[in-house]
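Visitor: Residue numbering for the sequence shown is 1 to 336, as defined by UniProt numbering.
A hint or two may mislead.
Beta-carbon label-pair distances, calculated as ranges [to be verified]:
# : residue 1 : residue 2 : range
1 : Ala315    : Gly69     : 38 to 44 Å
2 : Asp63     : Pro221    : 37 to 43 Å
3 : Pro294    : Ser190    : 19 to 25 Å
4 : Gln90     : Lys309    : 24 to 30 Å
In case anyone wonders, no lab produced these hints; they're calculated from the structure.
A virtual CB, placed ideally from N, CA and C, is assigned to each residue, including glycine.
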Amino acid sequence: MPVRDTHANRRDVLKATGTAIAAGSLAGCLGSVTGGGSSTVSITLGHGIASEEPLWLMDAMPDILDHWGSAYEAEFKAFPANNQRLQAFQAGELQAGTSAAVTAIFSTNKGLPLTVVANITQEREDTFHEKFLARPDSGMDGLNKESLEGKKVGICAFKSWCDLWAQSAIREVGLVPDEDVELVKVPFPSMGEAVSKGQVDTAIFPPVFEMLGKQKHGLKPIFSVIDTVGWEHDLMELWFSTQFIEQNPDVVEKFLQDYSTAVDYYNNNVKESKRAIHDAGYVQTPKETYVSLPNYTHSVQPLTESLKKINQLVADMGWIEEPVEIDNLYNLEYLP
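Using the sequences and the accompanying hints, generate a full structural model.
Guide: Written out as structure tokens, the structure reads:
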């Protein structure tokens, strides 16, 4: 397929010209000389394995972009977990990456030199947002004390975005996490079976796992992540090394121009974009199943008010001592 050939050739050029990122450099400002004699900045970007379609589209369909291959070359690397991306960043392997909004707040609280520059995924009422699913015979019905008291709730990881919304739900109905309700770590692929077999009473489900939970295990939604706090919110953010931004502001601006192009293209051509993403190897779900899955909201502009609320929420939960300085969390001046 032509899209895949372009992608593969670009990777070959990167390897041949020796633009692999050197460990130990958080700046990551390495250049390669192209055929025209101009300097092209190299970016290694760490991404996740779900919910980041417009970003992946940049790599899957670079021909729709204006600056990829001229102002910068980008190599995308997959990391299943947020903390793995941050570890790679601290080791000097990444100049940019993605993280859950709550993870970006943790990173800012720890003083990591990274800055949120754009949004990737949002949970909005009129598009897909995660639901908590339960067995039809569970007796759980809605977000209320009777549904949750004494129950086990499955989460993907502790102090993660799914832990955040699970604890928000528990607190919302007047219960205490880990006292009145047990939180149990369960990998996403195992959640449907865990709920079906009663290992946990409910769990949070992203799109493909929600589909499987409903179709394979007959699970039903009882409430959503938006119900837990009452407001829409950012799910995933795009960040750059703060030092990279300072040294390459024009490159960051052009990258975000291309990213904005990819977001618009994806939103206007969802099925075509998903097929290209699948062909580029970003998704292992059968292609037409993946294409038919519901979509999150994708926007370059973060929901800044929701970030402030999440910032306060994690402080209220005791995950950080006090809210982070919001000016240290994000810088949106490079968005087109």
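Visitor: It remains to establish, for every hint, whether it holds in the given structure.
Guide: Tested hints:
1. Ala315 <-> Gly69: 38 to 44 Å: holds, 43 Å
2. Asp63 <-> Pro221: 37 to 43 Å: holds, 40 Å
3. Pro294 <-> Ser190: 19 to 25 Å: The hint (19 to 25 Å, Cβ to Cβ) holds, given that Pro294 and Ser190 are roughly 22 Å apart.
4. Gln90 <-> Lys309: 24 to 30 Å: holds, 28 Å
Of the numbered hints stated above, none is contradicted by the structure.
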